[in-house]
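K.L.:
Residue-level listing of the chains:
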Amino acid sequence: MSEQATADKEKLLAELLASINQHSFAPDVAHVEIHGNQVLNKNLVEGLLVESETIEDGVKVHIRVRKGVTLKNPVNFCFGLIPDNGIQRIIIDTVIEEGAHAKFIANCTFPNAVNIQHLMNAVITVEKGASLSYFERHVHGPKGGVTIVPLTKVIAREDSRFSTEFELIKGAAGVIELDYEAEVEKNATVDMKTRIFGRSSDRIHIKEAAHLSGEGATGVLTSHIALKNTASANIENEIVADAPYARGHVDCKEIVQDEATARAIPIVQVNNHLAHVTHEAAIGSVDSKQLETLLSRGLNEDQATDLIIQGLLGSDPFS
Amino acid sequence: MNLLEIQNLSLFKEGRPILNNLSMDIWDGHVHAIIGPNGAGKSTLANTIMGLSGYRDFEGDILFEGESIKALSVDERARKGITLLFQEPARFEGLGVSQFILAGAKEKSRTVVEEALQKAGLSPEKYVKRAVDKTLSGGERKRIELASIYAMKPRLVLMDEPDSGVDIDSIKYIFAVIKEMRHMGSTVILITHSPEVLKHADHAFLICAGTLVDKGEMSRMFDYFNGKCVPCVHVGQPSPNTLLSGSSAPAVAVS
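Chains as they are written, first to last, in full-length UniProt numbering: chain A, 1 to 319; chain B, 1 to 255.
Bear in mind the hints are in silico, worked out from the structure with no lab data behind them.
It is possible that some hints are incorrect.
[Claimed, not checked] In silico DSS-like pairs for lysine-lysine, Cα to Cα no more than 30 Å straight-line:
1) A:K253 - A:K193
2) B:K106 - B:K134
3) B:K215 - B:K129
4) A:K186 - B:K134
5) A:K253 - B:K134
6) A:K60 - A:K153
7) B:K134 - A:K228
8) B:K129 - A:K253
9) A:K289 - B:K172
[What the hints assert, rightly or not] Cβ-Cβ distance ranges computed for the label pairs, FRET-style:
10) A:V45 - B:M184: 49 to 57 Å
11) A:S200 - B:K13: 55 to 63 Å
12) A:T278 - B:G15: 35 to 43 Å
Here the structure is a predicted model, which is why all the values come from computation and not from measurement.
Quick reminder that beta carbons are idealized off the backbone N, C-alpha and C, glycines included.
Next up, chain A with everything else stripped away, as it sits in the complex:
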């Protein structure tokens, strides 16, 4: 690689990390940075395998956490595009081998987006007795020119645990077509959460499904969405319980302001009389009791609404 190419790569890496307020990592923290279809940087730790292959408009990534390994620190992934237009397609195959435990943090950053497509196609297998926590944070620019299409298929084997959290709070969401599907085997647990703040003319479509196929499997699907201006959201969360002692819960809360619109369709299906699935859905303006409590502390209506939304969308990953 020429000196110029190396310098360009380093500049791109610095810009990418700066956009997520991350400037360096400790040596024992695994991290991978991918810009467009180029892996800019990679640091791995023992027990973690990450292989990549460049394709025309993106990268194929194979991730494995070796059997019995517990990764001490979360693995940090950064995906993104610095230019204002383009396509980034990420095809990921992740396997957390038997008895292994890992936490991943993925930052997806498009700070200058005007016309960008971020297409992710992931298959995640969490083998017997293993666990994976996957936190995905999106950082978008103010213009909203991003189309996000994450398609994820999760297989949670016996006694495994998988949790995922998708956060898009800063910047304009743009268009989101999120589709997560999980197969949950015996005594496995899947917890999928989305937290999104839609503004302007953002269009959000969330589809999460968990199939509780094994005895004692549990699944929780949570969507917390706040919408303002003319943003719209369509949430479809589905849990199907086929096995005895399977337990599931669907929680959908949406705060709608201005001219924004929201639609929630929780689907719960129980095919075994020993299984139990519940759901709760609430769509509307800010709860009047919450609002009046904060008004009676002296906050004005805008401040109180912001605080309530901040709570609804708040998160402390891996706390």
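Position chain B against the provided structure of chain A, taking the given hints into account.
P.N.:
Relative to chain A, chain B alone:
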């Protein structure tokens, strides 16, 4: 000196009088109690003083520090120093205990949060990172709300049944906060059915069917809880002989 003056206050809901020509003087720096049977209008009065939605359209006037607050919104009243401890505290999905306590506090610091939690008998280590949501019991949320009011250091706090939902071992912390608030110069109005809570007031108003029927020192008001009083049957229209008629007047309808 009066901090709050309620002048000929009447409030109607669906044509029915809920508060009926009420007049009260709330002395500055004292702990007052408003007592009366269920449906007497106690909570309505508290909500009207706070200016909550649905309690804004009334006859008469409410003066705070000599000025009418009738036209002020809830938050404007709060910024003047009036606040309300709700009977049923709200749940806030995801909102941290610290954020909630500091929402109305003039000084925003960790010390303020810790001190307020300690006053309410809650361990900062255990609660500071939690959310004011359904993972807390009603009693815990009540005490966290009390902590938030303590942190606000209001001029006037209306406490609507401060002991409701609080377990017997924790009630002492509610009383400690009431005492502490009086000590720091706040005026407290307790809305209560409880003789135990009443003990912490200097002075009480007895209302029935939205009408003030008696007022006076606590020792005399204890009679209300000692069998002299039965729930008033004259909803919205207390009979003339139940109305306030001097210090020896019996409370409400006498059995």
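K.L.:
Going through the earlier hints one by one, which of them does the structure break, listed in rising order?
P.N.:
3 and 11
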